[in-house]
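**Student:** One line per chain: the protein sequences are A and B, in this order. So the first sequence is residues 1 to 316, counted in full-length UniProt numbering. So the second sequence is residues 1 to 316, counted in full-length UniProt numbering.
No lab work stands behind these hints, which were simulated from the structure alone. Hints may contain errors.
Repeated chains share a single entry, so a pair holds when one copy, or any two copies, can fit it.
Taking lysine to aspartate or glutamate and the EDC-like style, the derived pairs with C-alpha atoms no more than 16 Å apart in a straight line are [as the list claims (entries may be wrong)]:
1. K164 to E34
2. K242 to E64
3. K6 to D36
4. K209 to E280
5. K209 to E30
6. K242 to E283
7. K302 to E313
8. K302 to D66
9. K88 to E101
Here is what each chain is made of, one letter per residue.
Protein chains: 2
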Amino acid sequence: MSRRLKVSAAQLGPIHRADSRKSVVARLVEMLKEADSRGSKFVVFPELALTTFFPRWWMEDQAEVDKYFEAQMPSPETLPLFELARSKGIGFYLGYAELTEEEGKTRRFNTSILVGPDGRTVGKYRKVHLPGHAEHRPASPYQHLEKKYFEVGDLGFNVWKMFKDDIIVGQCICNDRRWPETFRVMGLKGAEMVVLGYNTPTDNVYAPKEPPYLRVFHHNLSIQAAAYQNGIWVVATAKAGKEDGFWLHGGTAIVAPTGEIVAKSNTEEDEVVSYDCDMELGEYIRNTTFNFAKHRRPEHYKLIVERTGVKVEPSN
Amino acid sequence: MSRRLKVSAAQLGPIHRADSRKSVVARLVEMLKEADSRGSKFVVFPELALTTFFPRWWMEDQAEVDKYFEAQMPSPETLPLFELARSKGIGFYLGYAELTEEEGKTRRFNTSILVGPDGRTVGKYRKVHLPGHAEHRPASPYQHLEKKYFEVGDLGFNVWKMFKDDIIVGQCICNDRRWPETFRVMGLKGAEMVVLGYNTPTDNVYAPKEPPYLRVFHHNLSIQAAAYQNGIWVVATAKAGKEDGFWLHGGTAIVAPTGEIVAKSNTEEDEVVSYDCDMELGEYIRNTTFNFAKHRRPEHYKLIVERTGVKVEPSN
Chain A
1 MSRRLKVSAA
11 QLGPIHRADS
21 RKSVVARLVE
31 MLKEADSRGS
41 KFVVFPELAL
51 TTFFPRWWME
61 DQAEVDKYFE
71 AQMPSPETLP
81 LFELARSKGI
91 GFYLGYAELT
101 EEEGKTRRFN
111 TSILVGPDGR
121 TVGKYRKVHL
131 PGHAEHRPAS
141 PYQHLEKKYF
151 EVGDLGFNVW
161 KMFKDDIIVG
171 QCICNDRRWP
181 ETFRVMGLKG
191 AEMVVLGYNT
201 PTDNVYAPKE
211 PPYLRVFHHN
221 LSIQAAAYQN
231 GIWVVATAKA
241 GKEDGFWLHG
251 GTAIVAPTGE
261 IVAKSNTEED
271 EVVSYDCDME
281 LGEYIRNTTF
291 NFAKHRRPEH
301 YKLIVERTGV
311 KVEPSN
Chain B
1 MSRRLKVSAA
11 QLGPIHRADS
21 RKSVVARLVE
31 MLKEADSRGS
41 KFVVFPELAL
51 TTFFPRWWME
61 DQAEVDKYFE
71 AQMPSPETLP
81 LFELARSKGI
91 GFYLGYAELT
101 EEEGKTRRFN
111 TSILVGPDGR
121 TVGKYRKVHL
131 PGHAEHRPAS
141 PYQHLEKKYF
151 EVGDLGFNVW
161 KMFKDDIIVG
171 QCICNDRRWP
181 ETFRVMGLKG
191 AEMVVLGYNT
201 PTDNVYAPKE
211 PPYLRVFHHN
221 LSIQAAAYQN
231 GIWVVATAKA
241 GKEDGFWLHG
251 GTAIVAPTGE
261 IVAKSNTEED
271 EVVSYDCDME
281 LGEYIRNTTF
291 NFAKHRRPEH
301 YKLIVERTGV
311 KVEPSN
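Chain A on its own, in the form it takes in the complex (with noise of 0.2 Å):
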């Protein structure tokens, strides 16, 4: 019988500063409780969902900043959405800002989660690829301080067994999408199916020249090719609409491992979008033109690990 699993990315509308917790988890519960309705097993929210995408604002005083943070997960104000989701019988990835105390030291990461059928939690990931700056540039019409607020995350890039055919999944967050190594490393550990939330700005605040109209085109760009180059499914959620006059593009997205985009979003809002992902599809793709123990060259691969930045090196 065909390994099949019917996933829901449940796209975000805005969450304004005064938002509450408690009103951010009510959103969640019904779209989860839609998601259900269809027979989705598997429901994916976007990057840091409980929040604003705080890090446009620069904050000196690190309180105020931690506001934005949880300090367990789940915790009182999100412990409806686990027991609803295994109620139901349904697994979800969860974006949040992580506050912890290892080793005797506060750190913080932007993190995510894979919470099984069960309720337990699977897996966890912290980002690796943090976009942005640290420092302050009162000039630019928002910030992007996630080098700033996050440490870069510790945990590499895993993947997880889960639901009843014992699917690979992994996970990533946003930016991390737009790199091919971070779908690399988890297709060569078997993944299956990729999961990530973002919240992406409808412009490009570094490049200001730059049409609007790439944004989008860069993020379908980005997890089609990973998709297809890996023979996996992808799909990718974002938190969408003006926060507080901030726009984040929408453009959630499941891509099948043909590399083809196969539901999507059309709105910037609260939305569920939803496919039945047979899970043998990428199994060709895998088998034949990216049967990667067949065709890969690791030895002409070492500089993607030796080097981190360009070194301007030609042959003649």
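Chain B: place on chain A using the hints.
**Tutor:** Using the frame of chain A, we list chain B on its own:
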């Protein structure tokens, strides 16, 4: 003053088994003249541009196979192309089957060269990602015997400084374009433009159920993602059309560092596609989203070089 390069992709229609080298070179010469008339300083010819795509046939007689190979380059037959290019001050990329004696051993590679506008060969590449198989598959409508007729390339992925503006040009061949590792290595060496030729069947012989419309989609997806994710120009030139009844797709394209296809072929015949490339366009991408030095995290990429094939490795 801005650094620009007007490039032409010189797509070839079919080359049949009966066609002589001389007749093929005459077609290349015609297209080089056309490119020159448009002011191009760089012409990109296809992979194995001097013969039919011979790996589609099972041949047991090595002497028969070797008729498709070049033991010298330039050869008497190809010299007119080199001489015309030098007289016009045009550089070019040319793919061919290379037969060479090295350390007392006969070796065969699927090779490409970059020739400078002064007529000198600047750099050589030998295809790393050989697709297909080595064994005879009599039940298949055609063979794809690159793994039989060629050795895996031994020169790695390199870049060269070319033209009056010292543009950093990389090269690869056909199936290499599907592998993000190919472009990342050249990107890390400072590539500003990567050029390649290809021969790609219109159908997927390994997956007869795959809709043929995916073939050009996968080609485009791969080169567009490569361009964007490295902030480089990509020029990809087809050999296209029905060679002795075996159909190769077109899709010759020039891709900007934004990932956009800015020029493309619309036939499966000999056709020159040109674009005046602004070499600065990729800079904002390489300095922001894909500023490798700021954002890459090789410590989490190790598996890319440590592992060739998939090993299913869930963390739970």
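**Student:** Indicate, hint by hint, whether the structure satisfies it.
**Tutor:** Cross-check of the supplied hints:
1. K164 to E34: neither (21 Å within a copy, 61 Å between copies)
2. K242 to E64: neither (22 Å within a copy, 67 Å between copies)
3. K6 to D36: within (10 Å within a copy, 55 Å between copies)
4. K209 to E280: between (43 Å within a copy, 13 Å between copies)
5. K209 to E30: neither (39 Å within a copy, 40 Å between copies)
6. K242 to E283: The answer is neither: 40 Å in one copy and 30 Å across copies each exceed 16 Å.
7. K302 to E313: Answer is within; shortest intra-copy Cα gap is 15 Å, inter-copy 22 Å.
8. K302 to D66: neither (40 Å within a copy, 33 Å between copies)
9. K88 to E101: neither (32 Å within a copy, 68 Å between copies)
When each numbered hint is compared with the structure, violations occur for hints 1, 2, 5, 6, 8 and 9.
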